[in-house]
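Participant: Listed here are the chains, written in short residue letters.
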Amino acid sequence: MTMNLGPHAAFIVTAYAAAIAIVAGLVAWIAFDRRHLSRMLDTFEAQGISRRSERANEGKL
Amino acid sequence: MTLIDLANPSRFSALTDRVLPWLSSATLLAFAFGVSQAYLAPDDYQQGATVKIMFIHVPAAWLGIFAWVLMSAAALGTLVWRHPLADLAAKAAAPIGAAFTLMCLVTGSLWGRPMWGTYWVWDARLTSVLVLFLMYLGVIALWRTIEDPTRAARAAAVLTLVGAINIPIIKFSVDWWNTLHQPASVLRLGGSTIHPTILVPLIVMLVAFTLLFLTLHLAAMRNEIMRRRVRTMMMMRADARAGP
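So the protein lines, in turn, are chains X and L. What the first sequence shows, in the working numbering, is residues 1429 to 1489, in sequence order. What the second sequence shows, in the working numbering, is residues 270 to 513, in sequence order.
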């Protein structure tokens, strides 16, 4: 099934492409940021650095 | 879990981990339904198929404004109640709001060129939305400029509340001034002027975009909580290296 977008098809397609690109950029930025922060936290934990609250929880176990 | 428990960032993170998969799935389902409805919607009798740009332009505009309103509420939370998650919510919302405002400006320009004969005109609606976008960039820059998160949060909160003056200006600009942009046609006294065959897909897309915003915002807030932990650990490491 094809869609006839009329004489202004280029504008419609470009608008949807821009919207998809912006949303994809946001999703990618949040995902990469999370991965980067997780790696940093893992590095600190490997170095034996932990927050007071985490040390307190370890003490309870 | 009570509401007050959510003020604890660790508990909030744990709740976010549980909620995000469901919210993401709901967003995908809403978009699948919304895009199919937009695809099947008839052309407008005047604008033809270009009316399909409305299904992304209007939700983007709504979220650009909604994000600033949310940031304003969070700014009150920071300045008045000093809620521990308020500044995280505001900081996480700023780039997302900026992105949706940019989407609104880009799709609006691409809709304006075939309908108005120009990509841009300095009328009150377009200019006030551009000002909103610039204010988002200002808040993001402020967060990045001030290193201490508490001071940055307070400065950003003040700027956000000052910028909130622009929100009613955006909404009522088409009533207060003579603009090329059309007057309100969805939210207006006397009901919507849009035919149901186009209004229903638009509402579905509004719901889908709002779910997308909530998903992205929760994920970004979780990242901000992690960023605070990273900062705390960096300071602890620096203290340990500096010695007693």
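Keep in mind that the hints are not guaranteed to be accurate.
What the hints assert, rightly or not - Stretches of chain X that chain L covers, calculated by requiring three or more beta carbons in the stretch to come under 8 Å of a beta carbon on chain L:
#	segment
1	1436-1442
2	1448-1456
3	1461-1467
4	1470-1477
Everything labelled a hint here was simulated from the structure, so no lab data went into it. Cβ coordinates follow ideal geometry from the N, Cα and C atoms, glycine included.
Participant: State for each hint whether it applies.
Facilitator: Hints versus structure:
Interface restraint, the segment 1436-1442 of chain X with chain L: holds (5 residues with C-beta to C-beta distance below 8 Å; minimum three). Restraint check on the segment 1448-1456 of chain X versus chain L: 5 residues with Cβ-Cβ distances below 8 Å, three needed, restraint holds. Against chain L, the segment 1461-1467 of chain X contributes 4 residues with a C-beta closer than 8 Å to a partner C-beta. That satisfies the three-residue criterion, and the hint holds. For the segment 1470-1477 of chain X, the proposed coverage by chain L is satisfied: 3 residues have a C-beta within less than 8 Å of a C-beta in that chain, meeting the threshold of three.
The structure fails none of the hints (numbered hints given earlier).
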